[in-house]
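Each protein sequence line maps, in turn, to chains A and B.
Mapping the first sequence onto my numbering, position 54 (from 1) lands on 54, and the numbers just tick up by one.
Mapping the second sequence onto my numbering, position 265 (from 1) lands on 265, and the numbers just tick up by one.
Note that these hints are calculated values from the structure, not bench results.
Since this is a predicted model, take the numbers as computed values, not measurements.
You may find that some hints are simply not true.
Just so you have them, the derived chain B footprint on chain A, three or more residues with Cβ under 8 angstroms [as the list claims (entries may be wrong)]: (1) 208-216; (2) 268-279; (3) 302-315; (4) 422-432.
Here are the simulated distance ranges between beta carbons [stated by the list, open to error]: (5) B:Glu98 - A:Gly307: 20 to 28 angstroms; (6) B:Asn164 - A:Glu308: 28 to 36 angstroms; (7) B:Lys271 - A:Val248: 44 to 52 angstroms; (8) B:Asn108 - A:Glu308: 32 to 40 angstroms; (9) A:Gly35 - B:Ala49: 51 to 59 angstroms; (10) A:Asp234 - B:Thr240: 17 to 25 angstroms; (11) A:Asp272 - B:Phe19: 53 to 61 angstroms; (12) B:Pro348 - A:Gly307: 27 to 35 angstroms; (13) A:Glu103 - B:Lys271: 50 to 58 angstroms; (14) A:Gly307 - B:Lys271: 24 to 32 angstroms; (15) B:Pro348 - A:Ala9: 52 to 60 angstroms; (16) A:Pro242 - B:Thr240: 23 to 31 angstroms.
Straight line, CA to CA, 25 angstroms or less: simulated DMTMM-like cross-link-like pairs of lysine to aspartate or glutamate [unchecked claim]: (17) A:Lys32 - B:Glu308; (18) B:Lys331 - B:Asp234; (19) A:Lys352 - B:Asp419; (20) B:Lys354 - A:Glu227; (21) A:Lys354 - B:Asp92; (22) A:Lys352 - B:Asp282; (23) B:Lys352 - A:Glu250; (24) A:Lys32 - B:Asp92; (25) A:Lys271 - B:Glu201; (26) A:Lys352 - B:Glu267; (27) A:Lys354 - A:Asp30; (28) B:Lys271 - A:Glu201; (29) A:Lys352 - B:Glu281; (30) B:Lys341 - A:Asp276; (31) B:Lys39 - B:Glu54; (32) B:Lys352 - A:Asp349; (33) B:Lys340 - A:Glu227; (34) A:Lys45 - A:Glu17; (35) B:Lys354 - A:Asp92; (36) A:Lys271 - B:Glu344; (37) A:Lys340 - B:Glu8; (38) A:Lys233 - B:Asp349; (39) B:Lys233 - A:Asp349; (40) A:Lys340 - B:Asp276.
From the three backbone atoms N, C-alpha and C, an ideal C-beta is built for every residue, glycine too.
Each chain, written out:
Number of protein chains: 2
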Amino acid sequence: MEAKSFIEANKDRFLNELFDLLRIPSVSADPKFAGDVQKTAEFIKDRFAEAGAENIEIVPTNGHPVVYADKIIDESLPTVLVYGHYDVQPADPYELWETEPFEPAVRNNRIYARGASDDKGQAYMHLKAFEAMQTLGQPVNLKFMIEGEEEIGSKHLGEFVKANKERLKADVILISDTGLFSMDCPSICSGLRGLSYLEVEVTGPNRDLHSGQYGGAVANPINVLAEMIASLKDEKGSITVPGFYDNVIEVSKEEREQLNKAPFSLEEYQKDLGIDAVSGEDGYTTIERTGIRPSLDVNGIWGGYIGEGAKTVLPSQAFAKISMRLVPGQKSEEITQLFKKHFESIAPDCVKVKVTPHHGGEASVTNIDSAGFRAASNAFEKVWGKPAIPMREGGSIPIVALFKEELGLNSILMGFGLDEDTIHSPNESYGIDNYLMGIETIIEFHKEFAEMNK
Amino acid sequence: MEAKSFIEANKDRFLNELFDLLRIPSVSADPKFAGDVQKTAEFIKDRFAEAGAENIEIVPTNGHPVVYADKIIDESLPTVLVYGHYDVQPADPYELWETEPFEPAVRNNRIYARGASDDKGQAYMHLKAFEAMQTLGQPVNLKFMIEGEEEIGSKHLGEFVKANKERLKADVILISDTGLFSMDCPSICSGLRGLSYLEVEVTGPNRDLHSGQYGGAVANPINVLAEMIASLKDEKGSITVPGFYDNVIEVSKEEREQLNKAPFSLEEYQKDLGIDAVSGEDGYTTIERTGIRPSLDVNGIWGGYIGEGAKTVLPSQAFAKISMRLVPGQKSEEITQLFKKHFESIAPDCVKVKVTPHHGGEASVTNIDSAGFRAASNAFEKVWGKPAIPMREGGSIPIVALFKEELGLNSILMGFGLDEDTIHSPNESYGIDNYLMGIETIIEFHKEFAEMNK
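Using the sequences provided together with the hints, build the complete structure.
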């Protein structure tokens, strides 16, 4: 039996199971959802059991658990370790969702729900591919590690990996948590940016003050925070933290030309985002700015009176969540320290500043000549009718560097998302075709990978 | 009978009545308290009735109502129009209150509650002074106008005043909504700053984006807002809005020397606020920075993810509430337009900016040789044992300029608050001595004012 027809025959069930998974609000960042995160792990465990996996276990960590499962069919065959995560980003702002974030809705052949694409939908494809292979034949040994803390920096995955090196032994790691350039131009992520995420707190007076009584004489922490943030980039769009670019590995002229060959339309890009102009570091294209250059964004800011109406307050404190995307060569921990040192050093003596590192991760690049990358490319050719092009993505999957370091394994980032999925945003969605073709492509990948290791 | 002994005899009731008034959360800025604002107006009306006032009326406006009352004892006597407001600032952040903001608590001879000082406590002194004078003798004709929208810019008081010029005819206006330099150094406010309050909205992409996928290529509205706010002041602490200072009436060297004679200790000021350094416009002392110079403060800022944990979002929008304190010469409406024009002009083309004026008011100065000012100074000398010094305050009471313009009347700002009242902040309080001595001082003021007009 062909993979395609098996998937077609089970399509409705494959979708309904995903809907049930999406209904559990497994927001790892917010303690009030801790119970749901646990429930989600159990849901994954049960589906693995039904699909015929072995050694299924919900492995506790000091945070949210990791679900492990495997099926070793023949020690002589290659082993593929699949990674995914079952936790999701917070759904705020809720009011911008057209339908409930945790009640999946289907519109124009897309599934709308938080986590539909990132990463419940993409991780669940691997579970269904595994189930299908129990009928169609499983060409390689399979191991699965589905974690629950990816959206909060995989805080405890490192400990898990270090403690389970034997159990995680494999030839390659397969991850679906990235995107395609487009449906017509399938791509495989050949590089990811690292991350350094911090929270800053600026404190002025010991209490909120009346802006009339004190305004003009006492430093306003919001104004000061704004000035400090503004100073983090120069007029060329470069980040001013001393030493920030020191270890950046410059990408060759050739590779930059390669990257810019992707069928990218600035006009469509701006139209899609509703902006009149892009903005970024001088001397780089949009594809390069997100793919091969580091960035700095304020992810959240708050201070003073933010309720309805007006309040003439000079607040005691102002806060911001700031993150930097890093590229190969930059070490997350080192950049975090450079930022902390710099931010503290530029604080005027009329305020006190506190910088709290949240989490980080290293950038990574994949060898596009490796067996895994070629197997993925061939799988796309079979299912999508054309080979996948290599693409540098701006996002971060810190654990890719961790796997390389701890397990010595390369990760193949074979993701099926699209920009229109708007992951991390209200109305996140995932194409039903992406989901079903993704399952098929995964099955083909394992066949291809087995072939190459014959 | 002496005012002092009458007040002493009625002390407990005078306090309990104020506590009842403070229990009603009359937050004018927040629609959900609209019913309480109305209740407060009725409370004031009933107390006036009990005290023997006449022509008592809750006058509706297009916003919150104005409570009017009077007692004309002899057309040949001078008439004092008393102004106050019964609405209060929002109590947020609630968690910083040691005791409930709307359940008054007495600690070390101070009343802790939102509005204890600003302005319920100070306005109610006039009600109790009026009651006392019905026994002690009322030396002047009295009119009262207690409004419910001062904390939101007295939005509809202008219409009320224009429509009631006859009813509001008087010789002077008396207002207690300001502070004393200290208990040992009573002062009368001789000048107030004006206000221009706006809300700004910066919009980048049409939806929240993943900061990894887009960070570095798409302008982040929070970063842009921070840059725009930072650019509003130069390195000298001067405001950069073109034309901002054009009409500022410079204060004479003599008056500046006068102002700086006040027994002000920078060390104590910083200690009280818990700051290591003050900050403001170069070339001016702290007293001058709040008294005679304009200022610009961000009263609130918000955007992106402000919940617990980390969210790697590049938000669609960022917001800020920004207010400017103005000095004589600067017209609120004109400054508002200058700011709007400037803020829109400095917006980079990668974002859209919207500026919404909230409310404003004009600055004012009082002639310290006027009968009213001298009457107030003498009243202080009688009750506090020393005359009051003139002081420029940083706050705004926009209606003072309105009264001058519409009614042709000067306002005497005889307030009894202290910096430690921390009005507009959590744990606002008002000294019981200030409350009781204030009542006595008000009674003496009316005697003095009657004398001067004999």
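Exercise. Closer than 8 angstroms, Cβ to Cβ, for at least three residues: run that test on the segment 422-432 of chain A against chain B and report holds or violated.
Key: holds (count 6)
Practice problem: Examine the segment 208-216 of chain A: at least three residues should have C-beta closer than 8 angstroms to a C-beta of chain B. | Solution: holds (count 9)
Quiz item: Are the Cα positions of B:Lys340 and A:Glu227 separated by 25 angstroms at most?
Solution: Distance of about 20 angstroms is within 25 angstroms: holds.
Quiz item: Does the alpha-carbon distance linking A:Lys352 and B:Glu281 stay inside the 25 angstroms limit?
Solution: 20 angstroms, holds
Practice problem: Mind checking the alpha carbons of A:Lys352 and B:Glu267 for me, to see if they're no more than 25 angstroms apart? | Solution: 18 angstroms, holds
Quiz item: Is the hinted pair A:Lys340 and B:Asp276 satisfied, with a Cα-Cα distance of at most 25 angstroms?
Solution: With a Cα-Cα distance of about 21 angstroms, the restraint between A:Lys340 and B:Asp276 holds, given a limit of 25 angstroms.
Self-check item: Restraint status (C-alpha distance of B:Lys233 to A:Asp349 at most 25 angstroms)
Solution: Distance ~18 angstroms between B:Lys233 and A:Asp349 Cα, so the pair holds.
Exercise. Verify the proposed pairing of A:Lys352 with B:Asp282, using a straight-line Cα cut of 25 angstroms.
Key: Holds, at about 21 angstroms.
Self-check item: Restraint check for B:Lys341 with A:Asp276, where alpha carbons must lie at most 25 angstroms apart
Solution: 20 angstroms, holds
Exercise. With 23 to 31 angstroms as the target window, see if A:Pro242 and B:Thr240 comply at their CB atoms.
Key: Taking Cβ atoms as reference, A:Pro242 and B:Thr240 lie about 27 angstroms apart, which means the hint holds.
Practice problem: Starting from B:Lys354, check that the Cα of A:Glu227 is at most 25 angstroms away, please. | Solution: With Cα atoms ~21 angstroms apart, B:Lys354 and A:Glu227 stay inside 25 angstroms; holds.
Quiz item: Within 53 to 61 angstroms or not, the Cβ separation of A:Asp272 and B:Phe19?
Solution: 59 angstroms, holds
Hint compliance for this structure: hints 23, 32, 37 are broken, all remaining hints hold.
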